[in-house]
Each structure stands twice: as structure tokens, then as C-alpha cells.
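Visitor: Protein chains in written order, with the numbering used here: chain W, 23 to 342; chain F, 5 to 409; chain S, 160 to 473.
No wet-lab data here; the hints were simulated from the structure. Note that the Cβ used here is the ideal one computed from N, Cα and C, for glycine as well. Treat the hints with caution; some may be incorrect.
Mimicking SDA-like on lysine to any residue, the simulated pairs with C-alpha atoms at most 20 angstroms apart in a straight line are [claimed, not checked]:
#  : chain 1 : residue 1 : chain 2 : residue 2
1  : F       : Lys302    : W       : Ser38
2  : S       : Lys404    : S       : Ser317
3  : S       : Lys162    : S       : Phe190
4  : F       : Lys394    : F       : Leu189
5  : W       : Lys241    : F       : Phe16
6  : F       : Lys345    : S       : Lys341
7  : W       : Lys235    : F       : Arg8
8  : S       : Lys466    : W       : Tyr186
9  : S       : Lys341    : F       : Asp164
10 : F       : Lys177    : F       : Thr105
11 : S       : Lys162    : F       : Phe144
12 : S       : Lys162    : W       : Ile149
13 : F       : Lys124    : S       : Ala370
Reference listing, derived: stretches of chain W covered by chain F, where coverage requires no fewer than 3 residues with Cβ under 8 angstroms from a Cβ of chain F [claimed, not checked]:
#  : region
14 : 113-122
15 : 308-320
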Amino acid sequence: MTGQDIVATMKNTAASRRVDHLAKGVFLAAALISASFIFLIAGIVLFRGFIPFLSDNGGLGRVDLFHFLTADVWLIGQTFVSNLYGVGYLILSTLFITTLSLLISFPVGVLTALFIAKVAPAPLAKILRTVIETLASIPSIVFGLFGAGVILKLVYDFSMAIGYQSKGGNSILATVLVLALMTIPTITSISEVAIRSVDKTLEHGSLALGASKTQTNFKVILAAAKSGIFTAAILGVGRSLGEATAVSLVAGGRRSGVSFDLLDTTGTLTTMMLEGLKETTGLDYDIRFSVGLVLMAVILITNLALNAVKRRVGSVHVKA
Amino acid sequence: MSRRNARRLRDFFLNAVTYLSSTVSLVALVAILLFIFGKGYKLLNFDLVVENFESQGFVADFYPGFETCGCVAEIDLPEGSYYSEKWGIALSDSTDLLGKTVVEVDYVHPDSPFAYLRDKGIGSEPIPLRTDYDIIRIAFETAPTALSRYGAANMIASLDASDSIREIEFETKGGGIRGSILTTLVLIGLTLLFALPIGVGAAVYLNEYAAVGRFSKLLRSFIETLTGVPSIIYGLMGLAVFVPLTVRLTGATGGNLISGAMTLAVILMPVIIRTTEESLKVVPDDFRQASLALGASKTQTTFKVVLPSALPGIMTAVLLAIGRIIGESAALVFAIGTTIKDDVSLTGKSTSLAVHIWAMMTDEPANVELSATIAIIIVVIVVTLNILIKLITNRYLKKRLGVGA
Amino acid sequence: MKKALLALVFLFSAVSLLACGAAATTTAEPFDGTMTINVYTRDTTSGTRAGFMAGIGFAAAEADDSVLVDGFIIKDNTGILTAMTIDEYGIGYISLSSVNSTVKALYFEGVAPTEANVINNTYGLKRPFMWMTRAEGDYPSQDVEDIVNAFIAFLGTSDAGDIIANNGAIALPSSVTWDSIKSQHPITLQDNSGVTVRFGGSDSIQKVAQALTAAFMPKCGNFVAEHDHTGSGDAYKRTNDPAIKDTSVGKDVGFASRVFKSTEAVPEAQRGQLAWDAIVAIVHLNNPLADVTAADLKSIYDGTFTKWSDLDAE
Numbered sequence: 023m024t025g026q027d028i029v030a031t032m033k034n035t036a037a038s039r040r041v042d043h044l045a046k047g048v049f050l051a052a053a054l055i056s057a058s059f060i061f062l063i064a065g066i067v068l069f070r071g072f073i074p075f076l077s078d079n080g081g082l083g084r085v086d087l088f089h090f091l092t093a094d095v096w097l098i099g100q101t102f103v104s105n106l107y108g109v110g111y112l113i114l115s116t117l118f119i120t121t122l123s124l125l126i127s128f129p130v131g132v133l134t135a136l137f138i139a140k141v142a143p144a145p146l147a148k149i150l151r152t153v154i155e156t157l158a159s160i161p162s163i164v165f166g167l168f169g170a171g172v173i174l175k176l177v178y179d180f181s182m183a184i185g186y187q188s189k190g191g192n193s194i195l196a197t198v199l200v201l202a203l204m205t206i207p208t209i210t211s212i213s214e215v216a217i218r219s220v221d222k223t224l225e226h227g228s229l230a231l232g233a234s235k236t237q238t239n240f241k242v243i244l245a246a247a248k249s250g251i252f253t254a255a256i257l258g259v260g261r262s263l264g265e266a267t268a269v270s271l272v273a274g275g276r277r278s279g280v281s282f283d284l285l286d287t288t289g290t291l292t293t294m295m296l297e298g299l300k301e302t303t304g305l306d307y308d309i310r311f312s313v314g315l316v317l318m319a320v321i322l323i324t325n326l327a328l329n330a331v332k333r334r335v336g337s338v339h340v341k342a
Numbered sequence: 005m006s007r008r009n010a011r012r013l014r015d016f017f018l019n020a021v022t023y024l025s026s027t028v029s030l031v032a033l034v035a036i037l038l039f040i041f042g043k044g045y046k047l048l049n050f051d052l053v054v055e056n057f058e059s060q061g062f063v064a065d066f067y068p069g070f071e072t073c074g075c076v077a078e079i080d081l082p083e084g085s086y087y088s089e090k091w092g093i094a095l096s097d098s099t100d101l102l103g104k105t106v107v108e109v110d111y112v113h114p115d116s117p118f119a120y121l122r123d124k125g126i127g128s129e130p131i132p133l134r135t136d137y138d139i140i141r142i143a144f145e146t147a148p149t150a151l152s153r154y155g156a157a158n159m160i161a162s163l164d165a166s167d168s169i170r171e172i173e174f175e176t177k178g179g180g181i182r183g184s185i186l187t188t189l190v191l192i193g194l195t196l197l198f199a200l201p202i203g204v205g206a207a208v209y210l211n212e213y214a215a216v217g218r219f220s221k222l223l224r225s226f227i228e229t230l231t232g233v234p235s236i237i238y239g240l241m242g243l244a245v246f247v248p249l250t251v252r253l254t255g256a257t258g259g260n261l262i263s264g265a266m267t268l269a270v271i272l273m274p275v276i277i278r279t280t281e282e283s284l285k286v287v288p289d290d291f292r293q294a295s296l297a298l299g300a301s302k303t304q305t306t307f308k309v310v311l312p313s314a315l316p317g318i319m320t321a322v323l324l325a326i327g328r329i330i331g332e333s334a335a336l337v338f339a340i341g342t343t344i345k346d347d348v349s350l351t352g353k354s355t356s357l358a359v360h361i362w363a364m365m366t367d368e369p370a371n372v373e374l375s376a377t378i379a380i381i382i383v384v385i386v387v388t389l390n391i392l393i394k395l396i397t398n399r400y401l402k403k404r405l406g407v408g409a
Numbered sequence: 160m161k162k163a164l165l166a167l168v169f170l171f172s173a174v175s176l177l178a179c180g181a182a183a184t185t186t187a188e189p190f191d192g193t194m195t196i197n198v199y200t201r202d203t204t205s206g207t208r209a210g211f212m213a214g215i216g217f218a219a220a221e222a223d224d225s226v227l228v229d230g231f232i233i234k235d236n237t238g239i240l241t242a243m244t245i246d247e248y249g250i251g252y253i254s255l256s257s258v259n260s261t262v263k264a265l266y267f268e269g270v271a272p273t274e275a276n277v278i279n280n281t282y283g284l285k286r287p288f289m290w291m292t293r294a295e296g297d298y299p300s301q302d303v304e305d306i307v308n309a310f311i312a313f314l315g316t317s318d319a320g321d322i323i324a325n326n327g328a329i330a331l332p333s334s335v336t337w338d339s340i341k342s343q344h345p346i347t348l349q350d351n352s353g354v355t356v357r358f359g360g361s362d363s364i365q366k367v368a369q370a371l372t373a374a375f376m377p378k379c380g381n382f383v384a385e386h387d388h389t390g391s392g393d394a395y396k397r398t399n400d401p402a403i404k405d406t407s408v409g410k411d412v413g414f415a416s417r418v419f420k421s422t423e424a425v426p427e428a429q430r431g432q433l434a435w436d437a438i439v440a441i442v443h444l445n446n447p448l449a450d451v452t453a454a455d456l457k458s459i460y461d462g463t464f465t466k467w468s469d470l471d472a473e
């Protein structure tokens, strides 16, 4: 290597280092921007959501925050006159419904992902992936239409068959089914990526040790993809908690009291936000943003809790 | 031997469970498709996709000194068509693209006074009543008005019973969803334009650059928290932040495509970052080390080795994103608005297919049939886009890496 | 093994799809009067609910859920309509323009729910469709103000009445034609294709309002009508609320499907009624009930009657 070459290489290195720095800066900026949106949203929701608790609400008086969080009646007294709003029962039923729907969508979604990634013959996997992607893109209002037209009828007939008169099928069960159908695609697609990213050497090792293909799939691969699958579950929970349009068509709009009876009507924080949002004014309008604030808090706490569990459960690191 | 059998049985059972689980999605999709096809096939035709939503209306009467026709139709009239010899026009009951019953013009005799109407609006040119126009009403001086809702037979009978009309209102066909389809496609492009660079960039930073530690953990948890935010709250953010922002910057007058795309971009951020990151993790470290050892810089390695290998994953992210864009309604209702429009512009108010459905469903009475029809079209678009993108990715991968994916 | 699995999958899909298919067909069992009445209602912000509750003499329930029977179900317009095709023991109410053959529309106090009966004032369950405009001089331009004034004048004509009737609402009787008053509105003689007028307010009125502006456009120099209907509450908020009327969502004309509240007070000249809408109590087609009284409905909605047989006992 001549001296000139060395100088050129050094120059190149210096230049590429500058480029590297620049690129890193750009990527960092992208990450920072992505991370900052949550603050923007939190800021707006906090600002709007706290108004009913702080202001006089046009003469109706401040809403009592403690009553709001614990009451088991949505509104005591007349709309536009009373300020006795409460969402305590909605928080509980929202969590109950989300848990139940996850009990269905999580196993189904993860097993579907495993099927697509490892079990199914290639053409079948392709078809199923398209099925999942199509299902993911069906507007929630269409799920709602389907829920109102088919699932309500199914639940109604089912309950009649077992000798129980349901409220036209509007029930926790119908809500859970609709939500489960809506979250399966989310859970499946994220889990599938996680399952695929499991190191091949783990799989080969397991097979070499004499485990069958199925045993490997269930005992090694699922365990190794734990972290990603857990993320999928968190996303699924997020979607369940936040879904409004479809749920409002099958829940029945319960206004008071928690019910854990699967065939009784129910309500969630989101349906409460959505119902009447378009037609209402004054405090009755503003309070819906407070419901949104509670919803955000519920989601945040659930996410933190699930992430803590995720850390606890731990994961086999695929890549450091 | 029995232990092997037991294992086989267990394996069979476990496999059966995966098969059955996958069937759930399949059954759900088939059931939903059957449901929307059953509801919406009647309105499904090509006109719906290419026609404008807004129809042009006319109001007109006869020129003074007009003469009734008393003429015989020169063509064979379609079945179900009512013909008035006195006036020389044929009308029939029909259904417009919105599923509403209308009275459609089948035929106008050249000598009919309806072939040469006086514009009661600001135009001075005579306007002819053309076939395929829908008649809304024909008003008379004394007799009760013939309305389209009472049907073609009644309208013809009312005409035959009168010697003149006071005015006639008619319009071109409307109800098409061309504008909403176009808007949806523009929204997809625009949103990906905003979301992909930032999302993929953030994923690259988190996976390739950031040291494992508090800072990157914090960033990740902030981004992940976004996934839990319900659409309706994103919509509120769009309304409170992006709409005013774009109004100030672009001269839009309210919710517009740019503010909508920005809102959608934020919604999609976590999905894109998460999926891209998962696919970046799959890229073997050997690739990176080999590239670096060969003298490539970190930037070169990222752009030329890591990102191309992660392309299928990024494509998955894009597909998920497109699915979400097409399906999103709650947020867009706030961030764009529900105005259905034919001329699509970036700063205009036109709306997406999902919101179009939403607008139809919140109408009183709701138009379930048309909603189902639009849902069919959405599914068709999604499946087409899926296939297209997969073809492109496969071809690209073959070229790039010399392997089929 | 794969074949066995695929057969299993096939069986499972077939069974579940059949179940869904079975759900699509109606089961025909005799109506059981001892069953509980499932009470469906709109939420407290709905104009239809206010009109219905006032009409059955249960004004306390217009804006208060706690006086309703336990276990009522809240649905929107479409939801109630769909529910009555599924729930044999349900009762709900919708606007007359939404009624179709999949449900049974009940007579009210012996009077059939028809437009004719609303016009001749024998059918009592109804609500008004109202309009509201911006204050004089508070429009984006003089042209817009003139067009709005012409439009309001048009609403009182028999021509507008035709359009209203054509879209399922019930017009107020009028013998004035647009032809006879249009000379008072010279704005209609000029080309207004560059002028946009913004309409908003109740979604219940959207269809009627759109048909009205579509009919008025050629009569008024082809002005551009922009419709953005978000609810009765916005009729006032977006035309006259100082905090909102001048933002991007501001409107020139707002519609409400209920009487304006005391909090929505504007001068007389800025508001008025354009039509009536009948509200109809509906039940499942299998329900033998044909006629209800206001007292029956009140007893059902306040929980005095909880079983269908309670209505017969009377």
C-alpha cells in the first residue's frame, strides 16, 4: 500500500464516519419523534379530560373525581342537569371483557401463527396469511354489522335453547366474541413474526436430541418466541380495550351495575365515550373526554403490568 | 412402543389444535364475507365504482306555446316501462346506486316537449330530458305533485291527466363511490410516506444503533404505549393538533387528507416499528460482521445489507399498515370528517371508504346494503394489494439475493 | 395424518358456517306472553328519544336513564331496527322514515303510523325538524347570507314540501310556491357557482336537508352546498356559539331533530320548523301485539309492565 492509498483510505474512513454519525442522528431523531407522540396525546387527553373536574361546567358544579371513578351508575339524575357521573362499573366490565376475549383470541391467535409459520404446508400457509391480513383490514364497523346481524342472533338462539331469555343477544358473550375475532389477526401476525425469528439452531438442536417436530414446535419454538408472543398479547389487549364502534353495536349499553353474567348486557369505557358523542353538548360532552382519560389510564396501567409480567417471564434472547 | 404411540397421539392432538385454531380465522372471514355478500351483492356493479357521488340537479318547465306530443314510441320500450303517448316519454321504477327507489327516464320522443325544456335556473340554453336521468318530481298548477317515491306509473298517470306542468326537477345519476376509493388510495400513499421513513428509521435505531440500556428501553416503552391508545383518542389528537396545523400551513379549511394521513401515521408508528424490528432481529449477525469486515461502513451495512434482508418483514409492516388505513374509521371521522366528495385534493375534505360506510350507517335510515357493498370493495382492494405487494417483494428478493422467498 | 386433520378442519368449518347460516334464518316458535319484555331505547342525547318519551307522557325519561325499567338496552337507530328482527320479545322505537317490512310497526292510540295521519294530526308520536341560521351580518359574505335567506324562504314553500315528503318526513302544509316568491330574492338570478354554503346539525335530518339543497341549487344559481352533519347539538353550536361558530367547523345553516333548548336561544328570525317526523314503536314480526296506547308504552318503559302478558291483562 502506498502512502497515497493510506491517506485516501483514511479520508474515506473519515468521510464515512461523518456519514455514520449523520445516519445515526437521523435514526435517533426518528426514534425520538416516534416516542414523543405519546406525550402529545397524553397532554391533550389530560387537558381535555380534567376540565369537568376543575371547572364549574357552566353552572352544574365540579364533577367529583372520587365518585366518578368508583360509582356504579353512569349518571344519577338528568342529562344536562346532573353532574353525578360515574365509570367505576365500566372500568370493571371493560377489564372483564378484555380478559375473556384474550382467553379466546390469545390461544387461537398464537396457534394459528404457529400453524402458519411451522406446521402448514407452504400453499396453505400463504392462503392463511392472506386470510389473516384480510381479516385485519376489515373495518371495525363491518365487524359490528356482522356482530349485530349474526353473532347477536347466535347468542340469542343459544340462550333461548338453554332456557334463558337474553336481551336480544346483546351481552358480554357477544361482545367477547366480536372482540376476539377482531384481535386474532393482530395476535397472529405479530406472533408469526416472533415465531419465525426463533434461531434455527435451537430448532435443529431440539430435533437432533430426538424430539419430534411437534414437540419442538410447542416446547422449544413457542418458548423461545415468548417475548414476541407476549408483545402480541399486549397489542391484542390494546385493541380490545380501545375498540368502540363494533362493541357499541353488541354490548347493549348498560348504564349501571357490574354484571359478570355472560348473557347479560354490558358496557365499556369506549362505548360510553362514543354513545351520544355526536349529539350532546356541555358537560355531557366534556365528560366523555374524562372517560377517555380513564381509558388511557386503564390502558397505561394494563400495559405496565403486562410489561412487568413479560420481564418476569423472561425470554430466550434471539439476538442481544 | 407404547410410549412412542402415546407421543404420536399427543403430537397428533397438538397438531390438530393448531389446525383447528387456524380454522377459526378462516371460518370468521368466510362467514363475514358471506354476510356482506348476502347483504351487498345487489348494489355491486361497475357504475358504483366509477360514478360520482354527487348528482347534478335541474329545474325546468316548458317554453310558452309548447304542444303535447301524441306520438308513438319509435323504439321498443323495456319491460316495466310506462309510456305516455300524450307527452312522448317513458319512465320506469329503478334503484339508484344508493339503493333508493327512483323514477328513471327510459325514452324521450324527439317531438316531446320534454326534449326541449326551458331552464328555470340561471341557464338560458334549452335543456333536454335525457334517458338515464332520474326524475325527482313533476309539479302541476293545481293537481298534486307527482313525486318519485310514488313511482313511475303514478307519474305517468298524473302527466296524462294534466295539460301542462308547472315545473319538473330531475338529476343525473349519483351515489358512486369513486371519490372515496381515490381518497383511500391517496391516504394510503400519503400515510406510508409519513410513517415508513420515521417508523423504519426508529426501528433501525433501536435495533442497530442503540445500546441495550435504560434509554432504548424507555423509548421502546413509550412507543409501545401508543399501541394501546384507542382510535377515537387518536382522532381527538388529529382534530386538536394536525387539523389546525395543516389549516395554518396549507390553506385547507378544515379536516383534510394531510391531517388524516398524519393522524394515521401516528396510529401506525408502533406497528411499523415493532414489525420492522422483529424482522431486523432475524437478520443474522454474520451478515453485519461480514459486511463490516469487507470494509463497508455502518451506514452502508445498514442500507445495503441489513435493510434489504429485512425487507419481507418491512413489507409485512406495510401490509398491516395498509389494512389498518383502509379499516380505520373512528379516528378519521374526527381527523378528516365525513364529507363525501368527488374531487379529491390533498387539502380537501373527501373521505375514505371506511368512513363512507360509517356515514351510511349513521344515516337514518341506515343504508346497510350499500355499506355491505363498500365492505366487499374494501376486501377486494385489500386482497389485490396483498397479492401485488407479495409479487413485488418476491421478484425483488429473487433479483437482490438470488433466493426465492 | 394430514388427511385426517384436513377432514377435521373441513368438518369444523362446515359446522360453524352452518351455525352462522342457521342464525340468518328465523326460528318460528309460538309467541310466549310470559316472557320478559326487552326494552330498547336510544341514549339520552337522541332527539328521537326526547320526542318519543314526551309523546308517551314520560317526559322524566327524556334525559334520565335512572327512571327507566331495569335492564333496558341502549342502541342506535339501526341497532334497534336490527334488534327487532332478532329479539322476539323486544320493543323499541324508530323514525317513521326508517320503518321497513322486517319489523312490525305498532298503531299508536288506535291510529296507524302513516304520513297522512301525521298531517291530519291524529297520530300523536312525533317530533319537529328545526332549522337555525347564523345571526344577521355574521356570514362569510353577503352572497352567502342572501342565499341562506332565500333557502329559508324556500323551506316554507310547497316545492320544498314536496322534497321533504319525497324523503320520508312530513312537511308543514303550505300553498306558497317558490315561483310566487322568488322575485323577492334577486340573489337567485345570478350565477352562484362560486359560493359555498355550509349546512350541518342533526344527522337524522341529513337526507332531507341534502335533498332540499340539491333541489334548491338549480333554483339558486347553482351555489355549492357543503353538508357535514354531526348531531342536533351542533345546530346551535356551529352557527351561533361564539367559541365555535368561527372555527373551521362553523356552519351557515344548522338543523336539529328536536325543539331548541333554552341554552340554544337565538332571535326568532334565526330559527324555525321545516317538518315533522313521526316516531313509531316497533316489535318483532312474531309479536301478536298490533296497537299500543301511550299509557301502555309508559308502563313498559317505566317497568310497571315487565311481561308481555301484562298488556293483555289490562
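Visitor: All hints, please: hold or fail.
Guide: Hint check:
Restraint check for F/Lys302 and W/Ser38: the C-alpha separation of about 8 angstroms stays at or below 20 angstroms, so the hint holds. At most 20 angstroms may separate the alpha-carbon atoms for a hinted pair to count; S/Lys404 and S/Ser317 exceed this at roughly 31 angstroms. Pair hint S/Lys162 plus S/Phe190 does not hold up; C-alpha atoms about 47 angstroms apart against a cutoff of 20 angstroms. The straight-line distance between the Cα atoms of F/Lys394 and F/Leu189 is roughly 18 angstroms, inside the 20 angstroms bound, and the hint therefore holds.
Simply put, W/Lys241 and F/Phe16 have alpha-carbon atoms about 15 angstroms apart, close enough for the 20 angstroms limit, and the pair holds. With a C-alpha separation of about 30 angstroms, the suggested pairing of F/Lys345 with S/Lys341 is violated against the 20 angstroms cut-off. Pair hint W/Lys235 plus F/Arg8 holds up; C-alpha atoms about 14 angstroms apart against a cutoff of 20 angstroms. Of the pairs offered as hints, the one joining S/Lys466 and W/Tyr186 holds, with about 15 angstroms between alpha carbons and a cut-off of 20 angstroms not exceeded.
For the proposed pair S/Lys341 and F/Asp164, the alpha carbon gap of about 29 angstroms is over 20 angstroms, so the pair is violated. With a CA separation close to 12 angstroms, the supplied pair F/Lys177 and F/Thr105 stays within the 20 angstroms bound. Restraint check: the Cα-Cα separation between S/Lys162 and F/Phe144 comes to about 73 angstroms, which exceeds 20 angstroms; the hinted pair is violated. About 18 angstroms separates the Cα atoms of S/Lys162 and W/Ile149, which keeps this hinted pair within 20 angstroms; it holds.
A hinted pair counts as satisfied when its Cα atoms are at most 20 angstroms apart, and F/Lys124 with S/Ala370 qualifies at roughly 18 angstroms. For the region 113-122 of chain W, the proposed coverage by chain F is not satisfied: 0 residues have a C-beta within less than 8 angstroms of a C-beta in that chain, short of the threshold of three. Counting residues of the region 308-320 of chain W whose beta-carbon sits less than 8 angstroms from any beta-carbon of chain F gives 4, enough to reach three: the coverage restraint holds.
Of the hints listed earlier, those the structure fails to meet are numbers 2, 3, 6, 9, 11, 14, in rising order.
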